[in-house]
Amino acid sequence: MSDEIVGDVTQMNMIQAINSAMDVMMARDPNVIVMGEDVGYFGGVFRATAGLQAKYGKARAFDTPITEIGIMGVAIGMGAYGLRPVPEIQFADYIYPALDQLVSEAARLRYRSAADFTAPITIRSPYGGGIFGGQTHSQSPEGIFTHVSGMKTVIPSTPYDAKGLLIAAIEDNDPVLFLEPKRIYNGPFHGHYDRPAKTWADHPGAQVPEGHYRVELGKAAVVRPGEAVTILCYGTMVHVVANTVEELGIDAEIVDLRTLVPLDIDTIEESVKKTGRCLIVHEATRTSGFGAELSAQVQERCFYHLEAPIERVTGFDTPYPHSLEWAYFPGPVRIGTALKKILKD
Amino acid sequence: MSSERDRANLPPLALHVPEPRFRPGDEADFSDIVVPPAGVTRRPDTADAASSFHELAYGLVRVLDDEGNAVGPWDPRLDADAKRRMLRSMALTRAFDERMFRAQRQGKTSFYMKSTGEEAVSIGAAMALAGDDMCFPSYRQQGILITRGYPIVQMMNQIYSNRADPLEGRQLPIMYSSKEFGFFSISGNLATQYPQAVGWAMASAAKGDTRISATWCGEGSTAEGDFHSALTFATVYKAPVIFNVVNNQWAISSFSGFAGAEATTFAARAIGYGIAGLRVDGNDALAVYAATEWAAERARTNQGPTLIEHFTYRAEGHSTSDDPTAYRSAGEPNAWPLGDPIRRLKEHLIAIGEWDEARHAAQDLELAELVKASQKEAEKNGILGHGMHQPFESMFEGVFETIPWHLKEQQQQMLDEQKAAGL
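Sequences listed follow chains B and F, in order.
For the first sequence, the UniProt record's numbering gives the first residue as 1, with consecutive numbering after it.
For the second sequence, the UniProt record's numbering gives the first residue as 1, with consecutive numbering after it.
Looking at chain F on its own, in the form it has when it is part of the complex:
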């Protein structure tokens, strides 16, 4: 048995609490982030064993180089029309975010979350998936709905919780749901969608379907038990699912180190589970597309799940309730070494002679007008307001398929009290 005296010459234990390198006032310098050149990462065959390409979980799949060229084996070789659609969806998402952020600041709704800087993550993936593949998103993948052509007026109706809100005023703004567009109801509780996506994929496989599922969570949420349960289930049953970890460096004010980023990559989580892992430049829409297309082919051919880490940066606050200048260097977004996803795709299209500055400016204007007009239309259905758009008694509907007596009783009591109070 050892005693304290036996260890007298050891230094005392020290608790390591991770600390981000830059805080407010610091100059952000990301020069130590290893960014491999575009095109150098190999692209394994989709039938290859996950154990044969572990290095991809530590690298960075990149297609767009600094000169705007699409290079290397991961270049998805999309035609110019597809690239322009991709650019347009990204620009529309950004315009939508700008407008809705402002609407919240104007008091028209309670809450909003922008995806600025992360547009490629959702739009690149949505374009590579089939339209009827099922998405289990987190809260920053509005780009999926926009890419799939979900009406933006409907999104705004939901954000305003107004008369035309398809969710009847029951959910926090941006927690969309659309079965028709293959977009699962967003929870707000973190990573819960991960095992749900696996369940959907297992059901699809059990039924001999051809559809697959895809899910998204932030790097911070990979710490949740749901994430690990999902990966375990997925590897056990070779579920046709794509796991996307959006590593945007920040979980509200907690940097990625609090999810384990100091020790390894998030893509490397796949290795322990024996599933395919890819680390991708999340600000390169073509790389995101290519990785998703590759993972989808694996899933659809019974090769099982893939985990894709999208290495990106949350250029703005977590939500309208957050002020990132209180915890991180204001210079970080501009210092981010992977640039802006919209600018990079735009420069690529210009470099290949399929786009120009004038067309881009005209498109930005057109999209701003589209969003503005849509907002006007949505506001005809009302903006957030207590009791204005949904009858009070509707609160009790939809808890169960049919309203049980105890909810009817509470409903009646509320109505009686409101009436007695002259409301």
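The following block holds chain B by itself, in its conformation from the complex:
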């Protein structure tokens, strides 16, 4: 669901699309500012904010001290003043020092002040593995934040969605955690670490309008219609799942959640009632992961339509290992095994 699209359509990778979203919003709204570690002059370690300082000045795109508490707390104060900050946390693994400011402050400010003050903040942060980042550059902490009342959690899977969702997040008047699947910044990942990587070149989701458009928060996308089984996933896993399903020749319906909170329950419910089977795939650790919530929701709404137990393929309940990354990663082998189990009867 988009607004009227302004400007030409160009092929972009996800970084370029995210950069374009901030560029478009900074041009439209003088209250939008970006900040974070290495974000200013250098343009971010992943280059997501490249060029913004040169274009909009140091007061609107700047480097910060290395203190995530400070970055989040300062963003809240700026929001209280009337700005619309878009802070970057360099890796999602580094977000924990900011937890109190995010959970107890940003997410609660509207409620506790009866909307006297709000926190219109979008926190961008690269997340996920598959880049040999070890345990401090690979985590998927979304489940920690979906558990918190008062904030939204968004995860795109294509450049088009990344830009449209990021614009919608920045325009939203509540705090939004915008997690960027860094494994697919430069191309959709098929799940095979030992095969050549793909680029976004021939992917339809890489055709991105240059101007302003929104992808509405809280709406999932059915990226592949199918009849045999519903697969709920988001971020990098959308592409791994799509490739696995294609390789196995399974007529699966793939639902890309895009927003975890608020969740598009209608699309999920409709799909599972149609297929009668449900697989949930995420990279995050299993226990109390977002898949647990999805599983409960599907069970509560679709129990009498289910023909097999709901399955989860997730990261294991271990830290993200370095050398054994590809055994940890929910790749084609693990997804395929789960699908065969769900479909056996």
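Calculated from the structure, these hints are not laboratory results.
All values derive from a computational prediction rather than experimental measurement.
It cannot be assumed that every hint is accurate.
Only pairs whose alpha carbons sit at most 16 Å apart, straight line, appear in this in silico EDC-like list of lysine to aspartate or glutamate [unchecked claim]: (1) Lys207(F) x Glu269(B); (2) Lys408(F) x Glu397(F); (3) Lys344(B) x Glu227(B); (4) Lys179(F) x Asp116(B); (5) Lys408(F) x Asp266(B); (6) Lys238(F) x Asp63(B).
For this one, chain B is given, so just place chain F on it according to the hints.
Chain F alone, transformed into the frame defined by chain B:
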């Protein structure tokens, strides 16, 4: 490589766990606290480099001497009307605290926190700031709202979580919020307001505004990471912000030693960050005013942040849930060498012929009546009571700008269950 045998002649290591000097039953004796005479501390120019007056972080800015005179370079030279307004705000705050403490004891609300003995800290500062400067307070700065003329009935409505509570019954008593009066929503989590105040100040500077921000925390909370993150951000961007550390000696039952007071002053934290640091007699309203006025001028002229330690004493318990006789000497409040802030300003006004005992007694009576009448009015809107003042379904409102489906679903489920149970 050394071995245990190489160190055989060393005494074993010992862990130092700080211990306050007086516990219940002890006689409190603060005679070793160095209190420099009023008027002796120099007042640097507001354009001076922070590195040129480090000694102020270890001294004590004082204006009122023991005879009630205002002396020295920090005397803000306020006119008598301003001093009487200051005295009145302090006395009103104390009367309000007394009344609301009692209301909690009468079961009319769940919780209250008095600021007894610390009135000068918030009221001196609030008078020195511009009315549209933004305050990011902790939980013991009710004096700011009172000084700025926020209706005390509204404060009581919030304390009672009643029908007229501007925060709709969602927040613990005394966690006020008023954007209109430049008073940021109080959190309850400690020192979180510190970096927020810096962010507000940075935004003001980035926008070319003239307003500044000020924030407060207790000495105990200076141990939080937020405090240090805030000071780092503030020094890096020369943010127009005033940091107030209210050193009232006690963080619930933990004395200031657990925040590092045995080793240095809290004002000296500023030195490591390269920002201006002042240590001020927090029971001297004129000194607090002067320090704030000085810091505000620095901030407003792009000289950056100032950290002010207000050396004071928490004369009563942490909150209505606290009994300080369980951990500190009962004699401490009276032995405190800096006296009572209201009495000191009153004596000053009397000494300069602008006040007298009869007027003071009449004002106390008038304020007690005002608070009593306000309480009566607030109680017309109800006192704390489950489900009495806010409809049950309102719990789900205001989590987000618009209610998402999952909250609507939970809201409906709750209402259905209540209905089925006959509630």
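Q) lysine 207(F) and glutamate 269(B): Cα distance at most 16 Å? A) violated (47 Å)
Q. Given the hinted pair lysine 408(F) and aspartate 266(B), is their alpha-carbon gap at most 16 Å?
A. Given that 16 Å is the threshold and the Cα spacing comes to 14 Å, the pair holds.
Q. Would the pair lysine 344(B) and glutamate 227(B) pass a check requiring their Cα atoms to be no farther apart than 16 Å?
A. Given pair lysine 344(B), glutamate 227(B) holds - Cα atoms ~15 Å apart, limit 16 Å.
Q. Does aspartate 116(B) lie within 16 Å of lysine 179(F) when you go C-alpha to C-alpha?
A. With a Cα-Cα distance of about 6 Å, the restraint between lysine 179(F) and aspartate 116(B) holds, given a limit of 16 Å.
Q | Pairwise hint evaluation, aspartate 63(B) against lysine 238(F), where the allowed Cα distance is 16 Å at most | A | holds (14 Å)
Q) Is the Cα-Cα distance between lysine 408(F) and glutamate 397(F) 16 Å or less? A) Satisfied, since the Cα-Cα distance of roughly 9 Å is no more than 16 Å.
Of the numbered hints given earlier, the model fails hint 1 alone.
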